[in-house]
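Dock chain B against chain A, hints included.
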Amino acid sequence: GDSVTQMEGPVTLSEEAFLTINCTYTATGYPSLFWYVQYPGEGLQLLLKATKADDKGSNKGFEATYRKETTSFHLEKGSVQVSDSAVYFCALQGLVAGGTSYGKLTFGQGTILTVHP
Amino acid sequence: DTAVSQTPKYLVTQMGNDKSIKCEQNLGHDTMYWYKQDSKKFLKIMFSYNNKELIINETVPNRFSPKSPDKAHLNLHINSLELGDSAVYFCASSSTMTSGGYNEQFFGPGTRLTVL
Chain A
1 GDSVTQMEGP
11 VTLSEEAFLT
21 INCTYTATGY
31 PSLFWYVQYP
41 GEGLQLLLKA
51 TKADDKGSNK
61 GFEATYRKET
71 TSFHLEKGSV
81 QVSDSAVYFC
91 ALQGLVAGGT
101 SYGKLTFGQG
111 TILTVHP
Chain B
1 DTAVSQTPKY
11 LVTQMGNDKS
21 IKCEQNLGHD
31 TMYWYKQDSK
41 KFLKIMFSYN
51 NKELIINETV
61 PNRFSPKSPD
71 KAHLNLHINS
81 LELGDSAVYF
91 CASSSTMTSG
101 GYNEQFFGPG
111 TRLTVL
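Just so you know, the protein sequences line up as chains A and B, in that order.
Residues 1 to 117 in the numbering used here are what the first sequence lists, from first letter to last.
Residues 1 to 116 in the numbering used here are what the second sequence lists, from first letter to last.
The set of hints was computed from the structure by calculation and includes no laboratory data.
Beta carbons are placed, not taken as given, at the ideal position from N, Cα and C, and that holds for glycine.
Some clues are possibly wrong.
Derived lysine to any residue pairs resembling SDA-like cross-links, with alpha carbons at most 25 Å apart [to be verified]: (1) B/40 to A/9; (2) B/9 to A/112; (3) B/40 to A/109.
Here are some chain B residues pointing at chain A (derived, C-beta under 7 Å) [to be verified]: (4) 41; (5) 42; (6) 43; (7) 45; (8) 46; (9) 48; (10) 54; (11) 107; (12) 109; (13) 110.
Next up, chain A with everything else stripped away, as it sits in the complex (with noise of 0.2 Å):
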């Protein structure tokens, strides 16, 4: 079946550091790809999407680009800010038997991310 792995938090970083958050997947066919985010006693953001291989997804200076050779969709952003501190989720939608995912999204565990001023 459809999995997600993230990398392991938390992260801990300091205002104006550079983020990586590890995602690969495994999936049949060609998944959509997605990060949300979820801050403090907050429901789920989307934050950004790929649909399809080599699709680059941004938003708000995060960025995260569709690798299918890789199977990965790793989240990037250049200066991280206070604001940024939020638990971070790769998601996929994937297909299931018959062709279609009925939208049904696979999470990665999260990963807990602060940071300091």
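Same frame as chain A, but now just chain B:
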């Protein structure tokens, strides 16, 4: 505001009780989902409805029963609550594409259920 809303935000109850969580979306989406987030933040899908029809039913105890009275609402009823049901439950919604695929999901703020 256009959004996915859930009630209640917090729910504390005793083992053995029956409780319901309600979800409403005003985004005009046709598909709604329930996810469970455990104490380690792991998220797993439970159910999904498309146009009031159940399309995803993961391995969930039959004490959990979803109901979708219309496209904008998806409720979750839980019978005979157990300690292991303590978690945060998220509702989400999305729309189907003309190609048959699904657009990204929008999540509600979550309901934190604590079973004592």
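Hints, verified against the model:
1. B/40 to A/9: 12 Å, holds
2. B/9 to A/112: At roughly 23 Å apart (the allowed maximum being 25 Å), residue 112 of chain A and residue 9 of chain B satisfy the hint.
3. B/40 to A/109: 8 Å, holds
4. 41: 4 Å, holds
5. 42: 6 Å, holds
6. 43: 4 Å, holds
7. 45: With a minimum Cβ separation of about 6 Å from chain A (threshold 7 Å), the hint on residue 45 of chain B holds.
8. 46: 11 Å, violated
9. 48: 6 Å, holds
10. 54: 10 Å, violated
11. 107: 4 Å, holds
12. 109: Holds: closest Cβ of chain A sits about 5 Å from residue 109 of chain B, inside 7 Å.
13. 110: Holds: closest Cβ of chain A sits about 5 Å from residue 110 of chain B, inside 7 Å.
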